[in-house]
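Asks: Each chain, letter by letter, is given below.
There are 4 protein chains.
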Amino acid sequence: MAKRLFKNNSNDFKDLGFGTQIKGRRMLNEDGSFNVIRKGVKGQSIMNLYTSLITMSWMRFNVIVLSYYLIINLIFAALYMLIGKDSLIGESANNLQDHFWNAFFFSAQTITTVGYGYIHPSGMISNFLAAIESMAGLFGFALATGLLYGRFSRPVAKILFSNKAVIAPYQGATAFMFRLANLRSNQLIDTNATLNFSMMVKKDGVEKRIFDRLKLERDKIDFFPTSWTIVHPINENSPIYGMTEDEVNESDAEFILLLSAFDDTFSQTVHARRSYKHYEIEWGAKFPPMTGDPENNKTVLFLDKIDNTIKAELPTSD
Amino acid sequence: MAKRLFKNNSNDFKDLGFGTQIKGRRMLNEDGSFNVIRKGVKGQSIMNLYTSLITMSWMRFNVIVLSYYLIINLIFAALYMLIGKDSLIGESANNLQDHFWNAFFFSAQTITTVGYGYIHPSGMISNFLAAIESMAGLFGFALATGLLYGRFSRPVAKILFSNKAVIAPYQGATAFMFRLANLRSNQLIDTNATLNFSMMVKKDGVEKRIFDRLKLERDKIDFFPTSWTIVHPINENSPIYGMTEDEVNESDAEFILLLSAFDDTFSQTVHARRSYKHYEIEWGAKFPPMTGDPENNKTVLFLDKIDNTIKAELPTSD
Amino acid sequence: MAKRLFKNNSNDFKDLGFGTQIKGRRMLNEDGSFNVIRKGVKGQSIMNLYTSLITMSWMRFNVIVLSYYLIINLIFAALYMLIGKDSLIGESANNLQDHFWNAFFFSAQTITTVGYGYIHPSGMISNFLAAIESMAGLFGFALATGLLYGRFSRPVAKILFSNKAVIAPYQGATAFMFRLANLRSNQLIDTNATLNFSMMVKKDGVEKRIFDRLKLERDKIDFFPTSWTIVHPINENSPIYGMTEDEVNESDAEFILLLSAFDDTFSQTVHARRSYKHYEIEWGAKFPPMTGDPENNKTVLFLDKIDNTIKAELPTSD
Amino acid sequence: MAKRLFKNNSNDFKDLGFGTQIKGRRMLNEDGSFNVIRKGVKGQSIMNLYTSLITMSWMRFNVIVLSYYLIINLIFAALYMLIGKDSLIGESANNLQDHFWNAFFFSAQTITTVGYGYIHPSGMISNFLAAIESMAGLFGFALATGLLYGRFSRPVAKILFSNKAVIAPYQGATAFMFRLANLRSNQLIDTNATLNFSMMVKKDGVEKRIFDRLKLERDKIDFFPTSWTIVHPINENSPIYGMTEDEVNESDAEFILLLSAFDDTFSQTVHARRSYKHYEIEWGAKFPPMTGDPENNKTVLFLDKIDNTIKAELPTSD
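In order, the protein sequences belong to chains C, A, Z and H.
Mapped onto this note's numbering, the consecutive letters of the first sequence carry residue numbers 1 to 318.
Mapped onto this note's numbering, the consecutive letters of the second sequence carry residue numbers 1 to 318.
Mapped onto this note's numbering, the consecutive letters of the third sequence carry residue numbers 1 to 318.
Mapped onto this note's numbering, the consecutive letters of the fourth sequence carry residue numbers 1 to 318.
Keep in mind the hints are simulated off the structure, nothing from the lab.
It cannot be assumed that every hint is accurate.
Copies of the same chain are indistinguishable here, so a pair counts whether it falls within one copy or spans any two.
[To be verified] DSS-like cross-link-like pairs, simulated, lysine-lysine; straight-line CA separation at most 25 Å:
1. LYS215 to LYS85
2. LYS286 to LYS39
3. LYS42 to LYS23
4. LYS23 to LYS202
5. LYS42 to LYS158
6. LYS85 to LYS42
7. LYS158 to LYS305
8. LYS158 to LYS311
Predicted, not measured: the structure shown is a model, and the values here were computed from it.
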């Protein structure tokens, strides 16, 4: 009995990790991240610090680094002032009237190890503080070097997806399609696509989310030089076969793509994800080509044409 | 004859590398490392130096780096003193009375390349020593940069495991279960689980350890956004089918999980291991959900609920 | 009906991503890159900046770095001059007459953090500017460190291909052959080859490009110590079986190799690509060995013999 | 006819890339590298520079770096002397009598960016030279940082192999065995072994090298915590079945192991290779265990016992 039950519930084993009760909200965000918040564990921000610093925008990264530089110098300047007026000597007397700014610029000269020497520490405590500060400066700089390299060298696929999927005529029937292109000049090879599907289904009065993997016309390409149109032919094996546009919308349907490729510039495997909700599907449309006339004997790809669609009559079901 | 023997002893070929005589001690430690000491080879600590420096705690790493900085400066200060009082000149006379501390701070200014210049070397030998020291400083700093980057960028899966496994009711029968969640915000995909099992078996009066791979309800998930409950259904194919709690405890049983996943932030495959000994199993319990009400249209995962279990009556075997 | 059409057009699913209308131009350039231009997206050069800096020649990279160093110093020198004559003081007065060059060299001393101190900033604004410049210097240097490491450590297969393929006699019939060798001393293992083929075909008066994967005598070698001759036997299963040299030339044929191997020095998978157009095929030739007499008990491989071919009569088709 | 020939010569397709005429010399050196010299291409040493600097011994690497530091300083010292006595001014007059050593130490202070300033450049040309030198110093240091990190972080399997293989009694018959252990404390998982075999065979009076892949008792282990004995059972399917010790020696036999594993500390796949020539086989011996009594509830592995063998009578063939 347990055995039979085990076999019949095979849909439970395809829930993608989101559970069967999720309704009315995306599973994947537009940027491909999971639509999930983690709670209940302290130290998450520390644990994710490197990941955050590596993945944040350059603007934000630079602001953080400069702020950090400013704050550290303010702290050390305050410490030199605490030690006393005689902690820093040299020509500074006739240079800057303000003791604080003297200390501040001395700190900057120490932490960057530029060390002009026209201001320099005097006495045990300030010498010790300067030794610590220059050491800290080197360490901070080592951190920055690592972070900059980490930011640059992280292999990320920059894939451009069409912002809408279409239901297009296809070989006498219809197909679900969207397309994608490689934004970067990195060469992608061995590109694989996996398309998952999910919708709410009512059975015996209970609503439940089901999951399925969709068959693709082609799920692997050796090279990915131009654009690739992902095509799921809607035939008897498709879970949306025979459904109307309204039925698909009511079912809270979501199509989830997982793309993997070998990036030949970084010699590493990269991934991209994209989900299309039912309201991101255009019914009765198809994608015109993205390539133009060859130039200098080269194929030309127009990346700004990726969202172009043209109306295309769907075959009537009869 | 040799042929037949070869076929019958197939259990020997699944010993996981721990041998068949291990008893009463864990094979895997709680942190997933092998419970093994290596002896008889010199230079192990040198060979494992990088690994140690990369994997030790930040606290310990910082203490080691600071101690090293202090010791190097003490050594060079001693060397400058050995050369003589005139080795370092400049304003230092009226700065620090103590020649040793003068030498110490000059060393710090040299090794960090801050080089204020208010103290500077005089004479062939001290100039040469300072040239060596600044070079050594750059090298040490290059090492630190590499180590810091190595520590940060090492792709490690931070998987949170439930501290107990349970024997839970499952589809009219029972199943062995435990659960896990991704602690970090890194996105894990293509997650695979392999569950090995081992126990002592008495045959013809001889006790011997046997090994087996356990069938899982699901051994692969495309996405790993929330938590994952690993389920081994206890049916006729399970090596613990029909055993009582006392029999499992006496057999010195150990369940060993090997988890692999693709970390999409680092674009690398990561692994995690966890073993459950018989005394870490709770009989007649099940795991309540870890997710709560959605917030801002996002699924919420409570990581602190991972160890929660609730009593659940097991079906009687008849 | 839709079903039958789906099965018959299976050639459409092997178009390698170049489409079926490409004619008279290479799909792959000689260096293995795709013969494609991307247009229509702004910011491409920023996005590809790291890739460019990592893959450009050393000559160009060094010129860019030195130019950048020069320009930055010119800019800061101009800024110090804008602040005024008193912005930089010290012995400079009797050193360089020209205020601009004083500022320029002070800038160089600041950005490299060498900071002799014989020229130094005076006043709030120039001190602040110097603090910013030394910080920028460290940052620029961190960038350079990362780029240099990225350039060095990028795992790239340096594969030497014969510049011509041959149609050679082979086991009583003929075969399409070319050969390749590992230029570097890195050890390549688990080497795999995939050979794709494409030509124009006229059907019902319409010309269309078809694609096919060619069978190889051997498509995988465990080790790659010397040279490897890729052999496609031309038998009934080959798309060029029965074609004459003129027919192959008129069909605008292109043979595309995709090679992958595990580089044991970098512990990473590397790839190489090479295409042969019909005009790069020598009919009736074969490759003589590239190895010579052993020296010091070692096999000797002559890499400069890779392009050597000798005439070889092809069997007549009867 | 061509077809039949193709099928019969299947041994040609397993030549491992060494050809069939290699005799009396190893294919793999003891360290696992290919026993091959590459000739005929210029620039090989430049192309392999990074690989050499990354793989050479620490002793040699440090000597090269220090020599380079010395030579660069000598060159710059000579250049400052060429410019003239007035190129470097400051307290140097009463410091070092020798102008050359003054220039030498100034160069060291500049290239390391320590820049005390008590000697400093004077005049356009020497200022320019110093600006170039400090820039070059930063660049050289960036290179050193990258190289040091490259040396440390390169994932290399340190596998200890028994220096002899044995022909041991095995399940009533015999087997070819050798063993290996992980020298480092890194955790290896998913370890795979492939054993290739090669010997000279005389056929119709012509001697030719044949290649074969040997069946192993077990070719994959999930974990590799202690030691692993590779076992090739010598039964009817083995190419050396029925051969005597003398016949094996005369055939110039070589056993070649290719090992791959996932290193869990570096999260990368690592490889090791080892070949055993016929004269490295001990007939009639077996390996005693390498583990000792457990300490602190931990299994103890004695790595120095790896070469231990004990005599073991082989079953007579009748």
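Asks: Does each hint hold? Answer for all of them.
Replies: Evaluated hints:
no., hint, result
1, LYS215 to LYS85, "neither (77 Å within a copy, 75 Å between copies)"
2, LYS286 to LYS39, "between (43 Å within a copy, 22 Å between copies)"
3, LYS42 to LYS23, "neither (29 Å within a copy, 38 Å between copies)"
4, LYS23 to LYS202, "within (13 Å within a copy, 53 Å between copies)"
5, LYS42 to LYS158, "between (33 Å within a copy, 14 Å between copies)"
6, LYS85 to LYS42, "neither (43 Å within a copy, 55 Å between copies)"
7, LYS158 to LYS305, "within (17 Å within a copy, 36 Å between copies)"
8, LYS158 to LYS311, "neither (29 Å within a copy, 49 Å between copies)"
The structure is inconsistent with the numbered hints 1, 3, 6 and 8, although it conforms to all the rest.
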